[in-house]
Amino acid sequence: MPVHTKEVAKELPLDPKIRKQLIQRLSKEKLQKMLEQMFLTRFFEENAESLYMRGLVHGTMHLSIGMEASPIGSMAAIREDDYILHHHRGHGHTIAKGADLSLMMGEFIGKEPGYCRGRGGSMHIADIAGRNLGATGIVGGGLPTAVGIGLALQMKKTDNILLCFFGDGASNEGSFHEALNMAALWKLPIVFICDNNQYGMSMAVEKAMTIQHISERACAYNIPGVTVDGNDVFAVYNAVSEAVLRARSGEGPSLVENLTYRWRGHSKSDRNLYRTQEEIAEWQQFDPIIRFTGWLQEYKVLSEDEIDNIEKNSKENINKATETALAFPEPTPENLEAEVYAP
Amino acid sequence: MTNPETKREITMLEAVREALVQEMRRDENVFLIGEDIGIYGGAFGVSKGMLEEFGSERVRDTPISEAGIAGACVGSALMGMRPVGEVMFMDFLTLMMDQLVNQAAKIRVMFGGHASIPMVMRAPYGSGTGAAAQHCQSLESWFISTPGIKVICPSTPYDAKGLLVAAIRDNNPVVFMENKLLYKAKGFVPEELYSLPIGKGDVKREGKDLTIFSYGVTAQRSLEAATLLAKEGIEIEVIDPRTLKPLDKELVVQSVSKTGRVLIVHEATKTGGFAGEVTSVICESEAFDRLDAPIKRLAGLDIPIPYNRALEKAATPQVDDIVKAARSLAIEGR
Numbered sequence: 001m002p003v004h005t006k007e008v009a010k011e012l013p014l015d016p017k018i019r020k021q022l023i024q025r026l027s028k029e030k031l032q033k034m035l036e037q038m039f040l041t042r043f044f045e046e047n048a049e050s051l052y053m054r055g056l057v058h059g060t061m062h063l064s065i066g067m068e069a070s071p072i073g074s075m076a077a078i079r080e081d082d083y084i085l086h087h088h089r090g091h092g093h094t095i096a097k098g099a100d101l102s103l104m105m106g107e108f109i110g111k112e113p114g115y116c117r118g119r120g121g122s123m124h125i126a127d128i129a130g131r132n133l134g135a136t137g138i139v140g141g142g143l144p145t146a147v148g149i150g151l152a153l154q155m156k157k158t159d160n161i162l163l164c165f166f167g168d169g170a171s172n173e174g175s176f177h178e179a180l181n182m183a184a185l186w187k188l189p190i191v192f193i194c195d196n197n198q199y200g201m202s203m204a205v206e207k208a209m210t211i212q213h214i215s216e217r218a219c220a221y222n223i224p225g226v227t228v229d230g231n232d233v234f235a236v237y238n239a240v241s242e243a244v245l246r247a248r249s250g251e252g253p254s255l256v257e258n259l260t261y262r263w264r265g266h267s268k269s270d271r272n273l274y275r276t277q278e279e280i281a282e283w284q285q286f287d288p289i290i291r292f293t294g295w296l297q298e299y300k301v302l303s304e305d306e307i308d309n310i311e312k313n314s315k316e317n318i319n320k321a322t323e324t325a326l327a328f329p330e331p332t333p334e335n336l337e338a339e340v341y342a343p
Numbered sequence: 001m002t003n004p005e006t007k008r009e010i011t012m013l014e015a016v017r018e019a020l021v022q023e024m025r026r027d028e029n030v031f032l033i034g035e036d037i038g039i040y041g042g043a044f045g046v047s048k049g050m051l052e053e054f055g056s057e058r059v060r061d062t063p064i065s066e067a068g069i070a071g072a073c074v075g076s077a078l079m080g081m082r083p084v085g086e087v088m089f090m091d092f093l094t095l096m097m098d099q100l101v102n103q104a105a106k107i108r109v110m111f112g113g114h115a116s117i118p119m120v121m122r123a124p125y126g127s128g129t130g131a132a133a134q135h136c137q138s139l140e141s142w143f144i145s146t147p148g149i150k151v152i153c154p155s156t157p158y159d160a161k162g163l164l165v166a167a168i169r170d171n172n173p174v175v176f177m178e179n180k181l182l183y184k185a186k187g188f189v190p191e192e193l194y195s196l197p198i199g200k201g202d203v204k205r206e207g208k209d210l211t212i213f214s215y216g217v218t219a220q221r222s223l224e225a226a227t228l229l230a231k232e233g234i235e236i237e238v239i240d241p242r243t244l245k246p247l248d249k250e251l252v253v254q255s256v257s258k259t260g261r262v263l264i265v266h267e268a269t270k271t272g273g274f275a276g277e278v279t280s281v282i283c284e285s286e287a288f289d290r291l292d293a294p295i296k297r298l299a300g301l302d303i304p305i306p307y308n309r310a311l312e313k314a315a316t317p318q319v320d321d322i323v324k325a326a327r328s329l330a331i332e333g334r
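Top to bottom, those sequences are chains A and B.
Per my numbering, the first sequence starts with residue 1, numbered consecutively.
Per my numbering, the second sequence starts with residue 1, numbered consecutively.
Check each hint, because a few of them may be wrong.
What the hints assert, rightly or not - Derived contacts from chain B toward chain A, CB cut-off under 7 angstroms, selection only: (1) S65; (2) D98; (3) R108; (4) S116.
Please keep in mind that the hints were generated in silico from the structure rather than gathered at the bench.
The structure displayed is predicted, hence computed values, not measured ones.
Using N, Cα and C, we set each Cβ at its ideal position, and we do this for glycine too.
Only chain B is shown next, with the shape it has when bound in the complex:
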């Protein structure tokens, strides 16, 4: 379990900014490009103050041209730069799909391994802000199923900083998901520059009765649920893959083999969602024989995210939903 030895508490938003600032100071090939990231400081304020330090060439405001932003990243990465693009909402990745899926993801293999695309596309995702159907999606499964792209989704400020640094230094296109509700969440983060390994998950809480596999905001909700259920004597292990592609399969298999029960939780819609893939990973492994109960998925409803607060909450797994699902799974078949 990662437990940074520091007393400094900062928000996820500050952790993301710190990773960007420190990497840009370290490597002049790193630059930011996106809409309203300059004087405005980014739609969520991530790049606030960075224009002043790095100037308008390295904190580059663009017209509202998402395909152009993605193309600017792909082309400059092909030339050896390390661009970090910001898409204002993950939903707008739809407007970048050709550049990300047909160009960035394909160029390496298509050109016989003679080229690589070291780029990051930061993508604020998730619901809970009342922004309705076109500004609240969790679209990770599209990119997880695209060979050539890596997908990262941190749930703590510490993970966010270390993994963003790793993503910038990685020689492949990375979609870096940042949960909007978690931007204000605080955590201990060392001031010095560090990176965390891509493809390595983390046990966020140890337990023996049930494994919850989750990432991003639902990992935090799962931890809350685990605290509540501990009072009932149910000891839950919460594992956070942190990287969705490549996935730390070993961690999943290990934890599920130990507890014999697994609940997979994510905000993204259930049908075709990542939970199905994780389920298959378990079924194809030795952990399958250790299962004491069927694998359970708790995911977003198969609907466009609605506007109304109560309806919006109903669309994705909340703490109460996780408590109920975990409680029933923990006693199932006993």
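Okay, chain A solo, but in the shape it has when bound:
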């Protein structure tokens, strides 16, 4: 049985007192920004999906609709000059790290001014200058690379940290073990964040491992491991903040598992044969955006009008970025071989 929403609600709820404290501690501006990023991610992906349906996208895409709280809650816990490394389902991570929406949409469509000049596509959006060190399309492929990034941060004696995102499937790769062991051994400034959306393509987590929570694996490396309600942006923020503090103070890595759910299929070819519509519908009731706006209203941070405004502006911004990106020029093949090697 997949981990159902009821169980999540039973097992993982954030203490309302902590949520209240967090809301009081975070500025209105910051909370607004987080909400905006969640809307932007949702609308970016809805537009991406529609562009795809209209035949305007050449390649594939991996949508994270329903999973927005994980990257946005996590990124709210770091500084602008910190680093992230993420994965093929990384639109939310890229937006949360402050990406330019037109360049991002441009890359999704494969245009020359896109972040990767149309060479990477949806699966590999990176903004190196913005310290978003990119997305790997190899499940678990980013984990050993994270060790190197952490090592460089440590050797250069910076106080920056790295958030390394990966999925539930990646935690079954050998690279997971090598990377977490080495990072723990050398106390590297990394927070390993598992976006557990409960399926590695069609393979349900409980068919792929015998443990209940992926975070239990942390004990093998003598590092903290915690599973939180990944559809609660405050729960994510709270757990990642603690892990970031530990990483920044030189105490080493942690493993945070954000338990969430992917509403859409794995990619464009997915017909959802491995799960029921009821299951999807049940999780849709735990929409991270609706839950977030509910709390923001409950604690009187934002009014319904203010929220509607943020939603409307976000939608407009994504539409504008989409228009801009569609008008971007196509790349040309003249120098393809010459650009493979760095000068």
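Starting from the known structure of chain A, arrange chain B on it as the hints suggest.
Chain B in isolation, oriented as in the chain A frame:
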């Protein structure tokens, strides 16, 4: 022909170590990472004494985690460091393949040219040590056929030092092959720091009757064969590309155009081996019209390297094999 003006003779192993030491003194971003490279000094002794000078952070011993070592190189290179990884045997690159082939080689293009991966993976390769099938391979063709990676394979201590320095300073991932049998081979090497150009081959011996194209240990065996055949009046030109990717095509075309005959020799298995690529380079060039005899390949047998000494020798080209092949090619069609 490179002929360093020095009387100082050191081994290939010492030349490799000297390149590492001098580059680490020059640039604090250079560091070593690998298994047993610290107090043990590396499986072959390359990093002996370096822990004492540079400390455990820059001569970093790792758990037996090859993917982790390669990842540590890729990630730190992405951050502007210049890591030099050591894989204990080239065979173990199999355990690093994702990091090298899917990450290191791809990141530059995949991220639109906004990132580069200046890393070196040193890889002791080749047979002759009685270590059998999983510790004796020459796997260069996998990396030669992977855009984004450079492949270097020196045959002399002088080339080893100059090319390793160049590899460390290069802004791309480099697989640096070191032949285990050549570690003890001596040669003249200047003490001062120098680098040799990547992508530039070297004429190791001039001749007019036949070109032998070879690198690494088989380049040295080819030189021995050339000395023996000179006594029979056959003048062989031995060219060593030193860099397999990028390849100095000009040198190949020039030499083959001059001699009209070419024997390509390497330890790696024949099918899908680099010799096939070099053959094509010649066939697609003006040198093809100058050929007086068909191009000949002398490569490793298409087998896993066997343990028994005699069987192991039979698996890869030895001096005798090169002499026979070169002699017959030199007179073919005359």
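Checked hints:
Satisfaction of the interface hint for S65 (chain B) is found here, the shortest Cβ-Cβ separation to chain A being roughly 4 angstroms, below the 7 angstroms cut-off. Using the Cβ-Cβ criterion of 7 angstroms, the hint placing D98 (chain B) at the interface with chain A is satisfied: the shortest such distance is roughly 6 angstroms. Checking R108 (chain B) against chain A: minimum C-beta separation of about 6 angstroms stays under 7 angstroms; hint holds. Taking 7 angstroms as the C-beta contact cut-off toward chain A, the hint placing S116 (chain B) at the interface holds, the least distance being around 4 angstroms.
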